[in-house]
Each structure stands twice: as structure tokens, then as C-alpha cells.
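One-letter residues, chain by chain:
Number of protein chains: 2
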Amino acid sequence: MAETPLARLESQIAFLNEADKLKAIVRGTKLCDDHRYENSAEHSWHLTLYALVLRDHAEPGVDIDLVIKMLILHDLVEIDAGDNPIFGDHDTAQMEALEKAAADRIFGLLPNDLRDELRAIWEEFEAAETPSARFAKSLDRFQPPMQNLQSGGGSWTDFEVTEEQIHARVGSKIAIGAPTLWDYARARIAEFFASRPSV
Amino acid sequence: MAETPLARLESQIAFLNEADKLKAIVRGTKLCDDHRYENSAEHSWHLTLYALVLRDHAEPGVDIDLVIKMLILHDLVEIDAGDNPIFGDHDTAQMEALEKAAADRIFGLLPNDLRDELRAIWEEFEAAETPSARFAKSLDRFQPPMQNLQSGGGSWTDFEVTEEQIHARVGSKIAIGAPTLWDYARARIAEFFASRPSV
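Chains as they are written, first to last, in UniProt numbering: chain L, 1 to 199; chain X, 1 to 199.
If you're looking for bench data, these hints aren't it; they were derived computationally from the structure.
The structure presented is a predicted model; accordingly, all values stated were derived computationally and were not measured.
For glycine and all other residues, C-beta sits at the position ideal for the given N, C-alpha and C.
Incorrect hints may have been included.
As the list claims (entries may be wrong) - Here chain L is said to cover these stretches of chain X; the calculated rule only asks that three of the stretch's residues, wherever they fall, bring their Cβ under 8 Å from a Cβ of chain L: (1) 28-40; (2) 59-69.
Stated by the list, open to error - So the derived list for chain X, only partly shown, Cβ under 7 Å to chain L, looks like this: (3) 44; (4) 45; (5) 48; (6) 150.
Okay, chain L solo, but in the shape it has when bound (with noise of 0.2 Å):
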């Protein structure tokens, strides 16, 4: 039976009203003034604004307007799976199917033509392997550090992390995607933990 105007409709509403919960998902990282944390919606907001103002980082091939839809989406299935904070502790497989049952419910709310195009997007960030879609993820692991260094330590504090976890878990997925941003970072988290006080 083909989809009338108005029923296709309906489920593009459907699926914008879903969205709205990624609004109440807490992450790991604070706001710069350290206020409160930030949750998973104006998180993906400040992304596109990284990549709009630091597209001049990106490597040759990478496409900005790709790299922009892929960070809208990159959270959605937060909605059901939830934030996992990088320096926390958890199952990678199991992390990884509650995303892909999440990402056929959320997306399965669309009309198909909508459902399909913006599936592939997601996976295409999920897998990392275009030049777009390692530019968006290192923007996604280049922001909490900014936001920790403003903040005084942030999650950082919270999670008793080292500089040396730092350098493994964010360091070297940022360096993938954006060289450049990330030997800003670096030198700056050194000096980060070079004058903050022992604990």
C-alpha cells in the first residue's frame, strides 16, 4: 500500500519527538564552567560547531556537510543504549548490539527511503573507515578534553584518570581522524597535569 502524504508525516514527527530524549542523556563530561554535565543533544549540537570551525584540521577527501550529518545522528541510539563514558568501564560487544537494535527501532520510525539514508550515515560513522567518518570521530573524542581543560579537570577528576589514559583511550583515536588537533591537545594536557596539584 503506498504511504500517503500525511502518514509519512506523521512519521517524520514520530521519529523528531523520539529524538527528543537524547535531551535527558547525561555524559560524562561537564559543561566549561563546571556547572553541570552536558547531556547527549547539546553535546552533538557543539560538535557540528566543531566541525563548521575546525574544518581546516580536516584531512584531504573529507566531505564537512557528511561530516555535520553524521554528528546530528551520531548519538541517537543513546536513547536506548546510553552514554558510555570513555574512561568507564563496559562490554564492547554488548555495548555494541544494544546500539544496533536501538539504531532499528529509532531509525525504523522514519519512512524507509529516510530510514535508510540516514541508517547509513550512522553506520558509515560507526565504522570509521572514510575519511569523513574519522574526522567526525575525532571531533566526538577532541571536544571533552577542551571542555575538561576549561572546567579544571571534569571528568578527568571524576574518573581519576592519567594523563597516560588519556594518550591511549582519546589521544590516539583523535590523532586517526585529526593530527593536527590532537598535538594542540597533547601539549596542552600536559601542561594540564604539569601544574595541577598531587591528589
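Given chain L, work out where chain X should sit, using these hints.
Just chain X now, with coordinates in the frame of chain L:
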């Protein structure tokens, strides 16, 4: 004096850190679950998703990638100028002056080329003269009624808004850039007011 790469990147980061403050600007619209008011950062994210999902309601000549950029940037001036609920009273000329000064300061944190480019996108949105700007403005007006319908009244209840006021202040603006979305919203708003117990 030529800008060094480090000075350029520091300007870009200073702008992105300043933009973080948009997460603390509270709007007049509630989340769909009526739990709290939304902030302008998460609202901006939600609108970029509206653009991605509802682009089949855009008129010919709309560049959806540009619409998304407009929506990422459109509320940044609220960091200095604050949010103005559409059913509140405010001096339009005074608001425009405040927002212009805010744009000078906030976009002025960026390197000159990015300052000029992003400022131009924001100016195009504000002027609402191009098809892309009109569609972006329409989405900005279309999302709050969708939230209010979900939350059982939301800002309409808070501001004691009538159906006629919605038509005048919101409907006319949605209809300019997205007439089919206004047809849909108008019908759902009529149902809502017809079924609401009189107060």
C-alpha cells in the same frame, strides 16, 4: 602581522568554548515529556535534525546543507542577548541592536575568514530573504508547537496563548517557508484546542 597556526587554532577554540554557554540559555519551550524547559543548544541540535528529516517540505531552491549551518549558528547571539519567547513582549528594535552587538563580539572571537563566513550565514538567516533562510526560520517556528502538542500544552499554557495568537505569531511565519508543515500543524493545533478543557 601574519597569524600563526597556533594563534589561529587558539582563536577557534576560544570561540568553541564561548559557544558552550548556549547550553545555559533556557527557552520558553518544554521538552516533549514536560519535565523541564529546553536550552538553546539542544534546541539548535533538534532543529538540524528537523532539517535533515523534513527537507521534502522545503520549496525549490533550498540548500539543505546551508539550512543546517544556519540552524547550528542561529541562536549563538542569545549568549549575550538572551532568548525571547515568541509569546512574550519585547522591543524588537532593542533586541536587534542587542543581537547585532552579540554577533560582533561572539563571531569576532574567530579568525577573520571564519568570522566573516559564519557571520554571513547568520545574517542571511536573520534577513529571511532567501529560500534557505525562509525554510530555516519556518523550522525554528514549527518545532515549538510540535513540542507543545507532545507535552500537553507547554508554553501555550504558561503564556495563556490562544489558537488565534498561534495563527498570528507562529502560523504566518511557518507558512512562508514551509506551507505544508503549517497545514499539518494548524490541523493538529485545532484538534488540541477543541479537546482541551476550558480554563
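Tell me, in ascending order, the numbers of any earlier hints that this structure violates. Every hint satisfied by this model.
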